[in-house]
Amino acid sequence: MRPFKTLQKLYDEESQVVITEKGSPPRVLFHGENFLQEDLPVGTRVIFPRPPLAGVPNVKAAIRYAINNPEGMEPLHALLKPGMRLTCVIDDISVPLPPMVTPDVRQTILEIVLELAADSGVDDIHLVIANALHRRMTEGEMKRMVGEKIFDAYYPDRYYNHDAEDPDGMVALERTSHGEEVSVNRRVAESDLIVYVNVNFVPMNGGHKSMGTGVSNYASLRHHHNPKTIRDSDSYMEPKTSALYKSNERIGRNIDKHLKVFHIETALNNRMFGGPTDFLAKKEEDYTEADRLKFQAMRFALSKVPRAAARKVLNSIPAPYDVTGVYAGATEPTHAKTLETSYKQYVVPVEGQSDIVIFPIPFISPYSVNSILNPLLVQVMGLGYFYNLNRGVPLVKKGGVLILLHPAYDEFDPEHHPSYIEFFHRLLPETRDSMKLEHKYEREFAENPSYVHLYRKGNAYHGVHPFYMWYWGENGRQHVGKVIVAGAENNHVPALMGWERTDTLTEAIEEARGFMGRSATISLLRIAPTVMVDVK
Amino acid sequence: MSAKAAFFDVDGTLVKTNVVHVYAYYAMNRGSVLGMAGRTLSTALSVPLFGVMDALDRKTFNEFFYRYYAGLSEDRLVTIAEDMFEDVLQPALFAQTQDLIDQARRSGCKIVLVTGALDFTMRPLARHLGADDLIANKMQFVGGKATGKVIPPIIEGANKANAIRAYCTKEGLSLDKCHGYSDSASDYAMLAVVGRPTAVNPDLRLRSIARAYNWPILDLK
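Protein chains in written order, with UniProt numbering: chain A, 1 to 536; chain B, 1 to 221.
The set of hints was computed from the structure by calculation and includes no laboratory data.
Every residue, glycine too, gets a C-beta built ideally from N, C-alpha and C.
Fair warning: there could be bad hints in the mix.
What the hints assert, rightly or not - Ranges of calculated distance between the beta carbons of each label pair, as one might list FRET restraints:
hint, chain 1, residue 1, chain 2, residue 2, range
1, B, Q98, A, K436, 34 to 44 Å
2, B, K221, A, P306, 23 to 33 Å
3, B, Q98, A, D119, 55 to 65 Å
4, B, R127, A, G72, 53 to 63 Å
5, A, P306, B, R127, 43 to 53 Å
6, B, D83, A, K436, 51 to 61 Å
7, A, A219, B, D219, 25 to 35 Å
Stated by the list, open to error - Quick list of in silico lysine to any residue cross-link-like pairs, SDA-like style, CA-CA up to 20 Å:
hint, chain 1, residue 1, chain 2, residue 2
8, B, K177, A, E447
9, B, K177, B, I217
10, B, K110, A, R443
11, A, K457, B, Q98
12, A, K440, B, D176
13, B, K149, B, G71
14, A, K457, B, R207
15, A, K457, B, K16
16, A, K283, A, L40
17, B, K221, A, N161
18, A, K457, B, N201
19, B, K177, A, L428
Go ahead and model the full structure; you've got the sequences and the hints to work with.
This is the structure in structure tokens:
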């Protein structure tokens with residue numbers, strides 16, 4: 001019989017943490033548009049996402065209950081007055097990932113709110129997508145998000161993307177106590193009531209960030225989307241440790257002082273995979289023979305089609321998320337409730353940090369929906385989002401090694417990410433220093449008329465966006481001692497990023513052990529679906 | 001003084017037409033303007049003919065055509081240019097042209113149009129768009145009458161790049177910080193000389209060049 005200590009290790013109080021032992025099954029790991037199947041060294045700590053929480057039994061009823069019993073505000077029907085100007089501001093396509101099966105929860109909320117508004121004699125209504133400096137959503141994406149009925153009634157005059165570069169489209173409010181500029185969309189600023197329709201995918205979303213970032217512009221965003229703020233943030237996912245959150249909070253409080261904003265926030269569970277891909281949400285220990293066959297077939301098929309086709313297939317599979325909570329009312333008390341539900345779904349407590357941490361990088365990110373996960377986005381997934389999926393204490397030790405699994409191909413989407421191309425090929429060869437990049441080049445990219453045009457009239461991310469992506473990895477970059485990208489198909493992408501590369505995960509682990517010592521501890525965050533750690 | 005400028009080609013970049021349409025407009029006014037040329041070419045025939053000649057060699061075409069201005073008074077040419085702007089150029093402007101120019105100005109650029117057309121034909125357009133300067137070919141006038149000759153160097157192809165370089169030197173602008181916009185691979189030199197080139201509604205060759213060099217590509221509507 002095993003000694004009690006080993007048994008305790010294997011059957012941790014937290015069943016989402018599995019320690020690899022001899023005979024453990026190989027792990028199924030995202031590697032861009034395909035998967036790796038890898039045996040991990042004995043003793044590796046594998047952290048799995050929690051199973052999806054049960055959704056609310058009746059989403060419409062939950063929405064109605066929330067708007068009739070809001071936090072810190074009067075019920076929505078009491079705020080609606082005939083003849084008023086109402087603007088619904090809606091989270092954009094960057095959440096959730098992948099896009100959810102229709103009807104999207106935003107559609108369900110809008111159907112209820114718009115009906116209520118019509119009953120209250122409100123007919124001056126605009127629907128504004130809070131895309132900030134993200135790309136404009138396409139007509140098809142906009143239709144999918146709100147459903148045909150709302151789309152036909154409002155698009156394009158009263159349902160549109162926020163335009164942060166419209167010279168007449170922004171209004172400056174008073175600065176914060178820290179001197180931060182506060183600019184918001186003119187229609188929003190001139191509305192009698194704003195209903196913010198949120199989808200909370202990770203704890204970073206929602207709250208003051210919704211308005212403070214979503215309908216703002218470059219002049220305002222640069223006060224917190226900068227390397228210093230990111231360095232000062234221990235985790236973006238924990239408000240208490242995030243300078244980014246605090247800046248948004250100051251800006252958001254200013255907005256709340258001047259505008260009447262009624263938030264409707266929704267939390268989702270992490271049912272990212274359904275139907276033929278449901279096995280991806282399981283522990284490999286629980287795979288059935290059918291799951292193994294499905295996985296092998298999927299892997300084989302993805303390896304045989306061109307990458308663009310694999311991308312198309314993967315992007316076309318929506319996620320069957322369930323709504324786990326709907327909260328409404330004033331910004332802060334509403335968001336506090338959302339955060340509580342969000343943590344309940346995502347947080348897995350773990351004991352201590354690891355010397356080596358492995359992040360498999362999937363094909364999707366908030367900035368590459370229906371597009372390509374280019375090298376800068378791989379960077380932001382690894383050193384930005386995944387590194388920050390904690391509550392203030394990162395999973396990897398200071399000076400430790402991060403291993404990213406991704407082909408790290410040199411592919412960019414010229415329609416969605418035109419300024420990324422210049423950033424990657426022109427600026428990164430000169431410097432990777434965020435402070436220098438900010439000081440020397442940020443404004444040039446932000447004001448480049450071609451990039452402004454592509455943002456306003458095309459479907460391109462704003463010219464400054466690749467800088468934000470680079471800054472997003474800043475706290476991760478400052479913390480880790482080395483990044484290795486395993487399975488990279490070329491040398492130059494990792495070299496430009498300042499990373500090392502290996503062909504296989506095994507080689508990467510060997511190299512990381514060479515750096516950290518033979519007894520280095522290893523953790524694997526088996527993501528996706530979304531999972532966060534709470535390091536004790 | 002601005003430290004940088006945005007140089008815009010005109011034909012196909014800011015307006016849907018090209019120089020051929022401008023000439024065609026003059027051809028249609030043949031009774032009073034083009035004399036011999038007008039009498040021998042019907043309007044219906046002239047446009048495709050000019051088009052073919054233009055496609056073969058823009059420089060030869062220009063020189064060929066400029067000769068027909070000989071003997072016309074400057075006043076007359078300017079008057080026709082005003083009409084031509086209203087009838088041909090203004091309706092052909094891309095809807096997004098003004099936005100692009102305004103954005104370049106907001107980013108601190110001086111606005112300069114660079115075109116192989118004659119300056120008097122482009123002046124109303126430059127005024128309409130709020131351009132600060134116009135680099136274009138200049139007709140030689142003697143005693144108020146056009147000679148049919150263009151004052152060299154002819155602004156075309158690589159000479160556009162030279163003209164831009166000279167302009168930057170004269171105005172104290174940094175070429176590296178300047179923007180260039182064109183639709184045609186024949187303007188490759190002009191785009192290559194500025195630090196921030198952009199292909200606008202590019203032809204196939206320019207599109208492939210722009211992709212190879214990672215220049216932004218704009219599709220104006």
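Requested in this report: Could you tell me which of the hints above the structure violates, numbers in ascending order?
Outcome: 3
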